[in-house]
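Using the sequences provided together with the hints, build the complete structure.
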Amino acid sequence: MSFNLVDLVKDQISDQVMGSIGNSLGLQGSQTSNALSGALPGLLSGLTGSSSSPAGAGALFDAVQSQDDGFLGNMGNLLGGNQSSAIANNGTSILTSLLGGGTLGKLAGAVASLSGISSGNSSSLLGMLAPIVLGVLKKKVFDGGLNAGSLANLLSDQKSNINAAMPQGFSDQLQSDGFFDSISNAAGSTVSAAKDTAANAADTVTGHHGDHTSHQSSGGGGFLKWLLPLIAIAVLAWLALQYFGGSKDDVQNAAQDAASGAAGAVESVSDEAMQAARDAMPEGIELDKITEGFDGVFSSTTEALSGITDADTATSALPSITEASEKLTGLNDVVAGLPDAAKGPIASIVNSGIGGLQPLIEKITAIPGVGAIVEPVIGPMLEMLQGLAG
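Heads up, the sequence shown is in our numbering, so the first residue is 53 and it goes up one at a time.
Treat the hints as calculated values from the structure; they're not laboratory data. This one's a predicted model, so the numbers in the text were calculated from it and none came from an experiment. Even for Gly, the Cβ is constructed at its ideal location relative to N, Cα and C. Hints should not be assumed to be uniformly reliable.
[Said to hold, decoys possible] Derived lysine-lysine pairs resembling DSSO-like cross-links, with alpha carbons at most 30 Å apart: (1) Lys-191 with Lys-211; (2) Lys-211 with Lys-62; (3) Lys-192 with Lys-395; (4) Lys-191 with Lys-62; (5) Lys-211 with Lys-192.
[As the list claims (entries may be wrong)] The following label-pair restraints were derived from C-beta to C-beta distances: (6) Thr-361 with Lys-191: 17 to 27 Å; (7) Gln-220 with Gly-421: 41 to 51 Å; (8) Gly-172 with Thr-361: 29 to 39 Å; (9) Gly-71 with Ser-212: 23 to 33 Å; (10) Glu-414 with Ser-208: 39 to 49 Å; (11) Glu-335 with Asp-233: 36 to 46 Å.
Printed below as a string of C-alpha coordinates:
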(Lines of atoms letter the chains of each structure in order from A and count residues from 1; the text may use other names and numbers.)
(Lines give C-alpha, C1' and ligand atoms only; values in the text may rest on other atoms or scores of the structure.)
Protein backbone atom coordinates (compact mmCIF):
# COMPACT_ATOMS: atom_id res chain seq x y z
CA MET A 1 0.00 0.00 0.00
CA SER A 2 1.38 3.40 -0.95
CA PHE A 3 1.81 6.02 1.72
CA ASN A 4 3.28 9.47 2.25
CA LEU A 5 5.91 9.50 4.99
CA VAL A 6 5.66 13.26 5.44
CA ASP A 7 1.94 12.97 6.09
CA LEU A 8 2.47 10.10 8.54
CA VAL A 9 4.77 12.27 10.64
CA LYS A 10 2.46 15.27 10.35
CA ASP A 11 -0.39 13.13 11.64
CA GLN A 12 1.57 12.66 14.87
CA ILE A 13 2.02 16.41 15.37
CA SER A 14 -1.35 17.36 16.80
CA ASP A 15 -2.27 20.87 17.87
CA GLN A 16 -1.33 19.85 21.42
CA VAL A 17 2.10 18.65 20.33
CA MET A 18 2.71 21.74 18.21
CA GLY A 19 1.62 23.93 21.11
CA SER A 20 3.91 22.06 23.50
CA ILE A 21 6.88 22.54 21.18
CA GLY A 22 6.11 26.22 20.69
CA ASN A 23 5.57 26.89 24.39
CA SER A 24 8.78 25.14 25.40
CA LEU A 25 10.73 27.30 22.93
CA GLY A 26 8.80 30.52 23.56
CA LEU A 27 7.49 30.72 19.98
CA GLN A 28 4.30 32.12 18.54
CA GLY A 29 1.93 29.68 16.84
CA SER A 30 2.78 30.76 13.30
CA GLN A 31 6.50 30.58 14.01
CA THR A 32 6.20 26.99 15.17
CA SER A 33 4.17 25.87 12.18
CA ASN A 34 6.41 27.72 9.72
CA ALA A 35 9.53 26.20 11.27
CA LEU A 36 8.06 22.70 11.19
CA SER A 37 7.03 23.14 7.55
CA GLY A 38 10.70 23.30 6.62
CA ALA A 39 12.20 21.23 9.42
CA LEU A 40 10.23 18.07 8.67
CA PRO A 41 10.97 17.64 4.94
CA GLY A 42 14.49 18.97 5.49
CA LEU A 43 15.18 16.41 8.19
CA LEU A 44 13.69 13.57 6.15
CA SER A 45 15.80 14.66 3.18
CA GLY A 46 18.90 14.57 5.36
CA LEU A 47 18.12 11.10 6.69
CA THR A 48 17.38 9.87 3.17
CA GLY A 49 20.74 11.12 1.95
CA SER A 50 22.77 9.87 4.90
CA SER A 51 21.20 6.41 4.68
CA SER A 52 22.27 6.06 1.05
CA SER A 53 25.50 4.41 2.23
CA PRO A 54 25.54 1.04 4.03
CA ALA A 55 27.16 2.64 7.08
CA GLY A 56 24.59 5.42 7.16
CA ALA A 57 21.71 3.00 6.74
CA GLY A 58 23.05 0.88 9.60
CA ALA A 59 23.43 3.88 11.89
CA LEU A 60 19.90 5.05 11.17
CA PHE A 61 18.51 1.56 11.68
CA ASP A 62 20.25 1.35 15.07
CA ALA A 63 18.78 4.70 16.10
CA VAL A 64 15.30 3.68 14.95
CA GLN A 65 15.46 0.39 16.84
CA SER A 66 16.55 2.22 20.00
CA GLN A 67 13.64 4.65 19.87
CA ASP A 68 11.18 3.98 22.67
CA ASP A 69 7.79 2.69 21.57
CA GLY A 70 5.92 4.73 24.16
CA PHE A 71 7.17 8.17 23.16
CA LEU A 72 4.62 8.86 20.42
CA GLY A 73 1.73 8.11 22.74
CA ASN A 74 2.91 10.54 25.41
CA MET A 75 4.92 13.13 23.53
CA GLY A 76 2.45 15.96 24.10
CA ASN A 77 3.03 15.74 27.84
CA LEU A 78 6.76 15.05 27.55
CA LEU A 79 7.46 17.91 25.14
CA GLY A 80 5.33 20.26 27.21
CA GLY A 81 6.86 19.30 30.54
CA ASN A 82 10.10 20.06 32.30
CA GLN A 83 11.92 17.38 30.29
CA SER A 84 11.52 19.18 26.96
CA SER A 85 15.04 20.62 27.05
CA ALA A 86 16.59 17.22 27.78
CA ILE A 87 14.53 15.63 25.00
CA ALA A 88 15.68 18.33 22.56
CA ASN A 89 19.31 17.79 23.55
CA ASN A 90 18.96 14.03 23.16
CA GLY A 91 17.42 14.46 19.73
CA THR A 92 20.11 16.88 18.64
CA SER A 93 22.78 14.38 19.70
CA ILE A 94 21.13 11.69 17.59
CA LEU A 95 20.91 13.93 14.54
CA THR A 96 24.50 15.12 14.97
CA SER A 97 25.64 11.51 14.93
CA LEU A 98 23.52 10.58 11.92
CA LEU A 99 24.00 13.70 9.80
CA GLY A 100 27.12 15.35 11.18
CA GLY A 101 27.24 18.59 13.13
CA GLY A 102 27.91 20.71 10.04
CA THR A 103 24.96 19.28 8.12
CA LEU A 104 22.60 19.71 11.04
CA GLY A 105 23.82 23.28 11.52
CA LYS A 106 23.05 24.13 7.89
CA LEU A 107 19.53 22.72 8.22
CA ALA A 108 18.94 24.60 11.47
CA GLY A 109 20.13 27.82 9.84
CA ALA A 110 17.80 27.39 6.88
CA VAL A 111 14.83 26.65 9.15
CA ALA A 112 15.67 29.74 11.21
CA SER A 113 15.75 31.91 8.08
CA LEU A 114 12.45 30.46 6.88
CA SER A 115 10.55 31.00 10.12
CA GLY A 116 12.28 33.98 11.70
CA ILE A 117 13.28 32.11 14.85
CA SER A 118 16.77 31.93 16.33
CA SER A 119 19.20 29.26 15.20
CA GLY A 120 19.27 27.93 18.77
CA ASN A 121 15.50 27.47 18.80
CA SER A 122 15.68 25.96 15.34
CA SER A 123 18.23 23.39 16.52
CA SER A 124 16.09 22.56 19.56
CA LEU A 125 13.00 22.17 17.39
CA LEU A 126 14.86 19.71 15.17
CA GLY A 127 15.93 17.84 18.31
CA MET A 128 12.30 17.56 19.42
CA LEU A 129 11.27 16.45 15.95
CA ALA A 130 13.89 13.67 15.87
CA PRO A 131 12.16 11.17 18.22
CA ILE A 132 8.85 11.77 16.42
CA VAL A 133 10.39 10.89 13.05
CA LEU A 134 12.27 7.92 14.50
CA GLY A 135 9.10 6.69 16.19
CA VAL A 136 7.17 6.76 12.92
CA LEU A 137 10.02 4.98 11.14
CA LYS A 138 10.11 2.35 13.87
CA LYS A 139 6.44 1.59 13.24
CA LYS A 140 7.21 1.08 9.55
CA VAL A 141 10.19 -1.14 10.41
CA PHE A 142 8.08 -3.26 12.76
CA ASP A 143 5.05 -3.50 10.49
CA GLY A 144 7.08 -4.32 7.40
CA GLY A 145 9.82 -6.44 8.95
CA LEU A 146 12.42 -4.07 7.51
CA ASN A 147 16.19 -4.23 7.90
CA ALA A 148 18.73 -1.44 7.42
CA GLY A 149 18.77 -1.79 3.64
CA SER A 150 15.02 -1.91 3.18
CA LEU A 151 14.60 1.07 5.52
CA ALA A 152 17.00 3.03 3.32
CA ASN A 153 15.00 1.96 0.26
CA LEU A 154 11.79 3.10 1.92
CA LEU A 155 13.25 6.56 2.44
CA SER A 156 14.59 6.69 -1.10
CA ASP A 157 11.13 5.85 -2.43
CA GLN A 158 9.74 8.82 -0.51
CA LYS A 159 11.97 11.43 -2.19
CA SER A 160 9.18 12.82 -4.36
CA ASN A 161 6.88 13.25 -1.36
CA ILE A 162 9.65 14.85 0.66
CA ASN A 163 10.57 17.28 -2.12
CA ALA A 164 6.91 18.17 -2.68
CA ALA A 165 6.57 19.07 1.00
CA MET A 166 9.39 21.63 0.88
CA PRO A 167 8.13 25.23 1.26
CA GLN A 168 8.66 27.43 -1.78
CA GLY A 169 12.31 28.39 -2.09
CA PHE A 170 13.39 26.24 0.86
CA SER A 171 15.12 23.61 -1.26
CA ASP A 172 17.03 26.37 -3.06
CA GLN A 173 18.07 27.79 0.31
CA LEU A 174 19.35 24.40 1.43
CA GLN A 175 21.21 24.00 -1.85
CA SER A 176 22.90 27.39 -1.59
CA ASP A 177 23.86 26.71 2.03
CA GLY A 178 25.60 23.48 0.98
CA PHE A 179 23.20 21.25 2.90
CA PHE A 180 22.83 18.61 0.20
CA ASP A 181 26.58 18.48 -0.46
CA SER A 182 27.27 18.03 3.24
CA ILE A 183 24.79 15.14 3.35
CA SER A 184 26.85 13.36 0.70
CA ASN A 185 29.99 13.88 2.74
CA ALA A 186 28.24 12.61 5.87
CA ALA A 187 27.08 9.49 4.05
CA GLY A 188 30.67 8.66 3.21
CA SER A 189 32.50 9.61 6.37
CA THR A 190 30.71 10.95 9.43
CA VAL A 191 28.00 8.32 9.37
CA SER A 192 30.59 5.62 8.81
CA ALA A 193 32.08 6.59 12.14
CA ALA A 194 28.62 6.57 13.64
CA LYS A 195 28.18 2.94 12.65
CA ASP A 196 31.45 2.01 14.36
CA THR A 197 30.14 3.46 17.61
CA ALA A 198 26.68 1.86 16.97
CA ALA A 199 23.95 3.63 18.88
CA ASN A 200 26.20 5.74 21.06
CA ALA A 201 25.75 9.50 21.21
CA ALA A 202 23.74 9.00 18.15
CA ASP A 203 21.46 6.79 20.18
CA THR A 204 21.05 9.08 23.11
CA VAL A 205 17.45 8.49 22.27
CA THR A 206 14.64 9.74 24.47
CA GLY A 207 12.77 6.90 26.08
CA HIS A 208 9.65 6.36 28.15
CA HIS A 209 10.56 5.70 31.75
CA GLY A 210 7.52 3.54 32.22
CA ASP A 211 9.10 0.71 30.21
CA HIS A 212 10.80 -0.70 33.28
CA THR A 213 11.31 -4.18 31.84
CA SER A 214 13.30 -2.79 28.93
CA HIS A 215 15.55 -0.87 31.31
CA GLN A 216 16.13 -3.86 33.53
CA SER A 217 17.03 -6.22 30.73
CA SER A 218 19.49 -3.80 29.17
CA GLY A 219 21.74 -3.56 32.21
CA GLY A 220 24.18 -6.35 31.45
CA GLY A 221 24.35 -5.61 27.74
CA GLY A 222 25.20 -1.99 28.45
CA PHE A 223 28.34 -3.04 30.31
CA LEU A 224 29.49 -5.17 27.36
CA LYS A 225 28.90 -2.26 24.99
CA TRP A 226 31.23 -0.23 27.18
CA LEU A 227 33.89 -2.89 27.52
CA LEU A 228 34.57 -3.58 23.84
CA PRO A 229 34.94 0.04 22.67
CA LEU A 230 37.13 0.92 25.63
CA ILE A 231 39.38 -2.05 24.97
CA ALA A 232 39.67 -0.65 21.45
CA ILE A 233 40.66 2.67 23.03
CA ALA A 234 43.46 0.88 24.86
CA VAL A 235 44.74 -0.66 21.62
CA LEU A 236 44.54 2.63 19.73
CA ALA A 237 46.31 4.46 22.52
CA TRP A 238 49.10 1.88 22.50
CA LEU A 239 49.52 2.08 18.72
CA ALA A 240 49.49 5.86 18.69
CA LEU A 241 51.99 6.17 21.49
CA GLN A 242 54.29 3.65 19.87
CA TYR A 243 54.10 5.46 16.55
CA PHE A 244 54.77 8.88 18.01
CA GLY A 245 57.70 7.78 20.04
CA GLY A 246 58.51 7.61 23.73
CA SER A 247 60.18 4.93 25.72
CA LYS A 248 58.97 1.36 25.77
CA ASP A 249 57.98 1.77 29.39
CA ASP A 250 55.95 4.89 28.55
CA VAL A 251 54.06 3.04 25.85
CA GLN A 252 53.39 0.02 28.04
CA ASN A 253 52.30 2.15 30.98
CA ALA A 254 49.92 4.17 28.83
CA ALA A 255 48.43 1.02 27.33
CA GLN A 256 48.03 -0.49 30.80
CA ASP A 257 46.34 2.68 32.04
CA ALA A 258 43.94 2.63 29.10
CA ALA A 259 43.17 -1.05 29.63
CA SER A 260 42.58 -0.39 33.32
CA GLY A 261 40.19 2.38 32.36
CA ALA A 262 38.31 0.00 30.07
CA ALA A 263 37.97 -2.64 32.75
CA GLY A 264 37.21 -0.03 35.38
CA ALA A 265 34.29 1.28 33.37
CA VAL A 266 32.64 -2.10 33.80
CA GLU A 267 33.77 -2.94 37.31
CA SER A 268 33.42 0.47 38.95
CA VAL A 269 29.62 0.45 38.87
CA SER A 270 27.65 -2.29 40.57
CA ASP A 271 24.41 -3.66 39.18
CA GLU A 272 22.65 -2.29 42.25
CA ALA A 273 24.00 1.22 41.66
CA MET A 274 22.98 1.14 38.01
CA GLN A 275 19.46 0.00 38.84
CA ALA A 276 19.12 2.61 41.57
CA ALA A 277 20.21 5.26 39.09
CA ARG A 278 17.72 4.00 36.49
CA ASP A 279 14.94 4.23 39.04
CA ALA A 280 15.91 7.84 39.77
CA MET A 281 15.87 8.92 36.12
CA PRO A 282 13.20 11.47 35.09
CA GLU A 283 10.48 10.25 32.78
CA GLY A 284 11.54 10.20 29.15
CA ILE A 285 15.29 9.81 29.76
CA GLU A 286 17.20 6.51 29.69
CA LEU A 287 20.40 6.08 31.70
CA ASP A 288 21.77 3.37 29.42
CA LYS A 289 21.45 5.59 26.36
CA ILE A 290 23.33 8.38 28.10
CA THR A 291 26.20 6.09 29.10
CA GLU A 292 26.35 4.74 25.55
CA GLY A 293 26.51 8.34 24.37
CA PHE A 294 29.67 8.89 26.38
CA ASP A 295 31.07 5.70 24.86
CA GLY A 296 30.57 7.29 21.46
CA VAL A 297 32.36 10.47 22.50
CA PHE A 298 35.37 8.55 23.81
CA SER A 299 35.54 6.26 20.78
CA SER A 300 35.18 8.95 18.12
CA THR A 301 37.62 11.30 19.86
CA THR A 302 40.21 8.54 20.18
CA GLU A 303 39.77 7.57 16.55
CA ALA A 304 40.28 11.17 15.43
CA LEU A 305 43.32 11.76 17.67
CA SER A 306 44.97 8.50 16.65
CA GLY A 307 45.27 9.68 13.05
CA ILE A 308 47.24 12.81 13.95
CA THR A 309 50.93 12.81 13.10
CA ASP A 310 51.57 16.50 12.35
CA ALA A 311 49.88 19.87 11.97
CA ASP A 312 48.25 18.96 8.64
CA THR A 313 46.63 15.79 9.96
CA ALA A 314 45.58 17.69 13.08
CA THR A 315 43.75 20.20 10.90
CA SER A 316 42.07 17.34 9.03
CA ALA A 317 40.99 15.71 12.31
CA LEU A 318 39.62 18.92 13.81
CA PRO A 319 36.06 18.63 12.36
CA SER A 320 35.67 15.15 13.87
CA ILE A 321 36.97 16.36 17.23
CA THR A 322 34.64 19.35 17.07
CA GLU A 323 31.71 17.06 16.33
CA ALA A 324 32.58 14.92 19.35
CA SER A 325 32.77 18.10 21.42
CA GLU A 326 29.26 19.07 20.30
CA LYS A 327 27.96 15.65 21.30
CA LEU A 328 29.65 15.95 24.68
CA THR A 329 28.09 19.37 25.24
CA GLY A 330 24.65 17.91 24.58
CA LEU A 331 25.28 15.04 26.96
CA ASN A 332 26.59 17.43 29.60
CA ASP A 333 23.40 19.47 29.35
CA VAL A 334 21.31 16.33 29.83
CA VAL A 335 23.34 15.16 32.84
CA ALA A 336 23.10 18.61 34.44
CA GLY A 337 19.35 18.19 34.68
CA LEU A 338 19.47 14.76 36.31
CA PRO A 339 18.98 14.06 40.02
CA ASP A 340 22.14 13.35 41.98
CA ALA A 341 21.14 9.71 42.42
CA ALA A 342 21.38 9.22 38.66
CA LYS A 343 24.75 10.94 38.24
CA GLY A 344 26.94 8.52 40.23
CA PRO A 345 27.30 5.76 37.61
CA ILE A 346 27.85 8.35 34.88
CA ALA A 347 30.67 9.94 36.88
CA SER A 348 32.33 6.55 37.43
CA ILE A 349 32.14 5.57 33.77
CA VAL A 350 33.40 8.96 32.55
CA ASN A 351 36.27 8.83 35.03
CA SER A 352 37.32 5.42 33.71
CA GLY A 353 37.09 6.65 30.13
CA ILE A 354 39.31 9.65 30.88
CA GLY A 355 41.96 7.25 32.14
CA GLY A 356 42.23 5.74 28.69
CA LEU A 357 41.97 8.97 26.72
CA GLN A 358 44.13 11.44 28.62
CA PRO A 359 47.54 9.82 27.92
CA LEU A 360 46.79 9.91 24.20
CA ILE A 361 45.79 13.58 24.41
CA GLU A 362 49.02 14.42 26.20
CA LYS A 363 51.12 12.62 23.62
CA ILE A 364 49.29 14.15 20.66
CA THR A 365 49.45 17.72 21.93
CA ALA A 366 53.21 17.35 22.44
CA ILE A 367 53.76 16.96 18.67
CA PRO A 368 55.18 20.23 17.26
CA GLY A 369 52.44 22.45 15.83
CA VAL A 370 49.58 20.18 16.89
CA GLY A 371 48.76 21.57 20.32
CA ALA A 372 47.82 25.01 19.00
CA ILE A 373 45.36 23.41 16.58
CA VAL A 374 43.54 20.89 18.77
CA GLU A 375 43.84 22.34 22.28
CA PRO A 376 41.13 25.03 21.78
CA VAL A 377 38.67 22.16 21.27
CA ILE A 378 40.15 19.25 23.18
CA GLY A 379 41.03 21.36 26.24
CA PRO A 380 37.44 22.38 27.05
CA MET A 381 36.32 18.83 26.27
CA LEU A 382 38.71 17.42 28.84
CA GLU A 383 37.63 20.02 31.41
CA MET A 384 33.99 19.11 30.80
CA LEU A 385 34.74 15.41 31.18
CA GLN A 386 36.64 16.04 34.39
CA GLY A 387 33.70 18.04 35.71
CA LEU A 388 31.34 15.18 34.88
CA ALA A 389 33.70 12.73 36.57
CA GLY A 390 33.52 14.79 39.73
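Taking the hints in turn, this is what the structure says about them:
no., hint, verdict
1, Lys-191 with Lys-211, "19 Å, holds"
2, Lys-211 with Lys-62, "16 Å, holds"
3, Lys-192 with Lys-395, "35 Å, violated"
4, Lys-191 with Lys-62, "15 Å, holds"
5, Lys-211 with Lys-192, "16 Å, holds"
6, Thr-361 with Lys-191: 17 to 27 Å, "47 Å, violated"
7, Gln-220 with Gly-421: 41 to 51 Å, "49 Å, holds"
8, Gly-172 with Thr-361: 29 to 39 Å, "37 Å, holds"
9, Gly-71 with Ser-212: 23 to 33 Å, "31 Å, holds"
10, Glu-414 with Ser-208: 39 to 49 Å, "46 Å, holds"
11, Glu-335 with Asp-233: 36 to 46 Å, "40 Å, holds"
The earlier numbered hints that this structure contradicts are 3 and 6.
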